[in-house]
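Q: Each chain is listed here by its residues.
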Amino acid sequence: MREDLKFVAVGHVDHGKSTLIGRLLYDTNSLPPDKMEEVRLASEQAEDGIPEFAFVMDHLEEERKNRVTIDTAQIFFRTPKREYVIIDAPGHKQFLKNMITGSTQAEAALLLVAAEEGLQEQTHRHAYMLSLLGIKQLLVVINKMDLVEFSQERFEQIKTDITKRLNEFNLTPLMVIPIVANLGDNVAKKTERMPWYKGMTLLAGLDELQPAPSVEENTLRFPVQDVYEQDGEKILVGRVASGTIRSGQDIMFHPLGKTATVDYVKTLEGKQEKAEAGRSIGVVLKEKGAMQGLRRGEVACDLSPSPRVGNTVNATVFWMSGEPLKKGETLELKCATQQVSCKVKKISERLNSSTLEILADDADELLDTEVAKLTLKADGYLCMDPFEQVPEMGRFVLMRDTDTVAGGVVH
Amino acid sequence: MDKLDELESQSIYIIREAYYHYKKLAVLWSIGKDSTTLVWLVRKAFFGKVPFPALHIDTSFKFPEMYKFRDEYSKKWGMDLKITMNKAALDAGMTCEKKLDCCNALKTNALKMAIAEHGFEALLLGIRRDEHGIRAKERYFSPRDESFQWNYQDQPPELWDQYKSQAEEKTHIRVHPLLGWTEVDIWRYLKREQVPITDLYFSKQGKRYRSIGCTTCCNPIESNARNIDEVIEELETTNTSERAGRAQDKEDTYTMQKLRALGYM
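Those protein sequence lines, which keep their order, are chains U and P.
The first sequence runs 1 to 411 under the working numbering.
The second sequence runs 1001 to 1265 under the working numbering.
Derived by calculation from the structure, the hints in this document are not laboratory data.
Some clues are possibly wrong.
What follows is a list of derived Cβ distance ranges for each label pair [unchecked claim]:
{"id": "1", "chain 1": "P", "residue 1": "Lys1068", "chain 2": "U", "residue 2": "Leu303", "range": "52 to 58 Å"}
{"id": "2", "chain 1": "U", "residue 1": "Thr259", "chain 2": "P", "residue 2": "Met1085", "range": "51 to 57 Å"}
{"id": "3", "chain 1": "P", "residue 1": "Asp1091", "chain 2": "U", "residue 2": "Lys343", "range": "57 to 63 Å"}
{"id": "4", "chain 1": "U", "residue 1": "Asp401", "chain 2": "P", "residue 2": "Ala1116", "range": "21 to 27 Å"}
{"id": "5", "chain 1": "U", "residue 1": "Trp196", "chain 2": "P", "residue 2": "Asp1145", "range": "54 to 60 Å"}
{"id": "6", "chain 1": "U", "residue 1": "Arg82", "chain 2": "P", "residue 2": "Glu1065", "range": "33 to 39 Å"}
{"id": "7", "chain 1": "P", "residue 1": "Asp1071", "chain 2": "U", "residue 2": "Ala378", "range": "49 to 55 Å"}
{"id": "8", "chain 1": "P", "residue 1": "Glu1193", "chain 2": "U", "residue 2": "Asp250", "range": "31 to 37 Å"}
{"id": "9", "chain 1": "P", "residue 1": "Asp1071", "chain 2": "U", "residue 2": "Lys343", "range": "54 to 60 Å"}
{"id": "10", "chain 1": "U", "residue 1": "Asn311", "chain 2": "P", "residue 2": "Lys1068", "range": "54 to 60 Å"}
Here a beta-carbon is modelled for each residue, glycine too, at the ideal position from N, C-alpha and C.
Make the full structure from the sequences, and use the hints.
A: See the structure below:
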């Protein structure tokens, strides 16, 4: 059984993400004495001398001096219930690619809104990005309640605003919690200062989140990562993306369109009967000659349901490069282990990812942090599934030269 | 699948990605528990073989137990072991009086020499996010430029197991398959898999090493943990950080960041 949970902390710059995480570690007694000392020393070296919980997370020298988070970081703590991995994501617009990097590794999110400022540009953008990335479980905390005199009215107003916004993306927060991160109110302990709040503390709320469900019951998708030859035996290696692969099972490789039968699953320990989603394994086929044409990028599937096979991809894409995307440009698309060149035929519904304003129905370019529907024409066939059904086969990245510049999902 | 299965499969996937994209690949083996776990995972990825060289950066100041362990298991596991030492710096009398200079000369510069000599395009390294705050910011595939610098202010995005699979010319890629493991995950895995490990980690006369490197810069901790089970039990209850006994992290608040920007592991 799984005993850990990964969540990402997102929200507008200065709404207190790093501070809250520092506080959580402090309250769960997860900070080592030498790290406390390190935080204290760094605070002493700061001009105003105010102790900063954010220093625990913001570890780069530039970040401490300017008190902003530049890159995503991960840190670990535990409650009696389970172990947590917190992913701290930066709140500045120019660091959106780092927020996305952090969020794609999470199974739940914690969205912070500062009480005095309310919903800001990155609050909206991060909420929308979470929905695009398929993160469904969400806790909202309204921070800095001390700056609005612990006003229930202010809390209810922000709670209504954020819930309404999230509902537009089919997201419902599991709970909305009023807190003061640097002083600890409602983080691990109930506060006396907001008697009108009857709900859980943040720490109790986190324990209510559910780990991502296993996909081993799903349809089989086994993307071939490489083909090894050892002692005269050819082995397809890769990680099962969904479903379970079994000895004796009939499978079809897409996009090649070739059937075969599994002889056995191979690991260092020997021959195995089966392997479920998530496992990195080797697969040996029964038929002699069945390996013909099989290479990285082929996907072993159940005979039905088949994935979609084609050379046109219609997808929702978010752009993450300062250099805009131009219509007609050729990029490399990578989905699971498949890689093909593709040409951007159409950019439609170009969107500001914070205001959700449609900037153009039919655009010639797409700028950093914007989202659009793209029609891509690939120079070869590839197979995909809707993101909602098989996440691993419904999401992809776009590369320009050697850099990842966009991510996308197909519905 | 439990957490260890998941971590193992993720690491094997990353090792196989590195092997697919970079034919001039090596695994950096410091003989400690993390890089020995990494070597074990390489053996799992390739069904018992280690199909590329293992590189040991030898400062000459390592524990005798480490040299013995290295020679025994590199033979047993059929590894192509490459050893690199910065002899020029040692001949010039480099010692660890100045930690930053010493680590930089005997580890970072020695690594540069090894990369130049063997032409490695990519290196597998056993660093973990929970070891040190600065390592928490790392990516699985992390490019270094010609002068070895880590541009931590502008790292490439890394989404959905799609890694940076091509390096610009004159850069090398650091690959970190163990990034998501914690210290106690490593010990639980060593126990489950019965991976051999040097006994410097186990208590003798009330002290053990929690992190090992050079004899000159490693201090043992007070501990009665004499075997893996007792180490796991100790870690589940301690709050002291793993590298507390490593002198090079302590010289000033940002030493680790400065070392790493220069190319330190």
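Q: Which constraints among the numbered hints does this structure fail? Numbers only, ascending.
A: none
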